[in-house]
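J.: Sequence:
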Amino acid sequence: MPTLTIAIVCAFVIGYFFIAIESVTRINKAAIAILMFVVCWTLFMINPTVVADCLAGVPHDQMATAVGKIIEEHLGETGSTLFFLMGAMTIVELVDQNGGFNFVKDTLKTKSKRSLLWRIAFMTFILSAILDNLTTSIVMVMILRKLVKDKKDRIIYASLVVIAANSGGAFSPIGDVTTIMLWNRGVITALGVITEIFIPSLISMLIPAYFLSLQLKGDLVTPKDQDSKKGPENYLNVSQRRTIFQLGVGGLIFVPIFKTLTHLPPFIGILLVLGVLWTVTETMYRHLEHDESDGMQKRVSRMLSRIDMSTILFFLGILMAVGCLQTIGVLAQLGEGLNIWFNGNHYIVTGIIGILSSIVDNVPLVAGCMGMYPVQMTGDMAVDGLFWQLLAYCAGVGGSMLIIGSAAGVVVMGLEKITFGWYMKKITWIVFVGYVAGILSYWLIRTLMEAF
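Per numbering that gives the first Met the number 0: the sequence shown = residues 0 to 451.
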């Protein structure tokens, strides 16, 4: 391996180390992620032809242009994710601020801490299969803020939201970015992944939920009802609030349908929903007879200014740094090496890929696997074969092992200020137990299917 490639990998590892000890250094993880992104690509530019085979043969005077195009491609992929994230966060905030989630909140309301935990677990699991796991996490955290006052209890619930969202997204062809990639590529079918991955995904949620339930005792202390405060939400009637809820949640459900019908990227669908909601709510507020400054607090233009940009920049830095590793071929080499080291045992290979997806983004890992392993007519690599289905499960569920291992985790980390160290100490081991139990259940299901 070239020295320059080793230097880029070291820069990435050092950056991730400082992100992991954010609670010790008290340096915002977004700052480290951006530096990591810039350093990796700066090292790359020292001698691009040495570290990237795709640039071999490019004339020296055209090298800067060629590298620029590669970076722009990665930025385009990253940007689509970030725009989707910003659009989803704004939609959820808009629905929440206008009382839309009061209906869901009332359904979940209970005095028992453990009862709430199980209700949150199952609702998150189901919603993440219909929506994407990122949007579901944002919705559930917003609801938790209305139901749980104690910060220590709420971060336990929030951690379960991450686990349940990633597990629920793993068995649905539209529930996670990686399953969407595999589905679009044609290596898994919707029916196949739902029927064979549902039980492992459910087990990977139930086991951590059980362990977390043991940490909760007694009754809840709920926050004061925000509806009692005077504000523009009180000027909307029940019908208007229900309309906002239906447009918001229904719009989020419509996004994968929009993608299927138009073949446009998901972020365009999310912007369509945002545009419709923005127009409808502006029309509602335009006819209200109250102070305009009061109404502005709940309008999209004000909510856009409150987006957590540090989380967005952190996501940008991480994905662009991983894009550099993908360009230099490190991820592909790692996947190929795993296949050789474990003599084609795909349970172990996909299991390790899942663990790696909690450290680096699962999207380039899955993309690397799709490019590295050709689809075969029969066997583990066939359509709906063992390898591809396990890859969907492991890449989705494995991201829950670390708080920074998934988009859902990153967003919840930012919303609830969960530290990397706390999550790793309290949550990682129970996620791992559920993760392994899910793989074992899949092995059992496949064994029984082959036997009969």
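If you are wondering where the hints come from, they were derived from the structure by calculation, not from laboratory data.
The model shown is predicted, which means the values in this text are computed figures rather than measured ones.
Just so you know, even glycine gets a beta-carbon here, dropped at the ideal spot from N, CA and C.
Treat each hint with caution, since some may be false.
[To be verified] In silico lysine-lysine, DSSO-like type, Cα no more than 27 angstroms apart, as pairs:
(1) K216 with K112
(2) K68 with K216
(3) K424 with K104
(4) K148 with K416
(5) K110 with K148
(6) K145 with K112
(7) K68 with K416
(8) K108 with K425
(9) K151 with K110
(10) K68 with K424
[What the hints assert, rightly or not] With beta-carbon atoms standing in for the labels, derived distance ranges:
(11) E281 with T48: 29 to 37 angstroms
(12) I125 with R241: 19 to 27 angstroms
(13) V382 with P58: 36 to 44 angstroms
(14) T278 with F210: 39 to 47 angstroms
(15) I125 with T282: 28 to 36 angstroms
(16) M448 with F210: 26 to 34 angstroms
(17) M380 with I252: 31 to 39 angstroms
(18) D383 with Q214: 15 to 23 angstroms
(19) I252 with T48: 42 to 50 angstroms
(20) A450 with G343: 16 to 24 angstroms
J.: Sort out which numbered hints this structure fails and list those numbers smallest first.
T.: Going through the list in order, the structure violates hints 2, 3, 7, 10, 11, 18 and respects the others.
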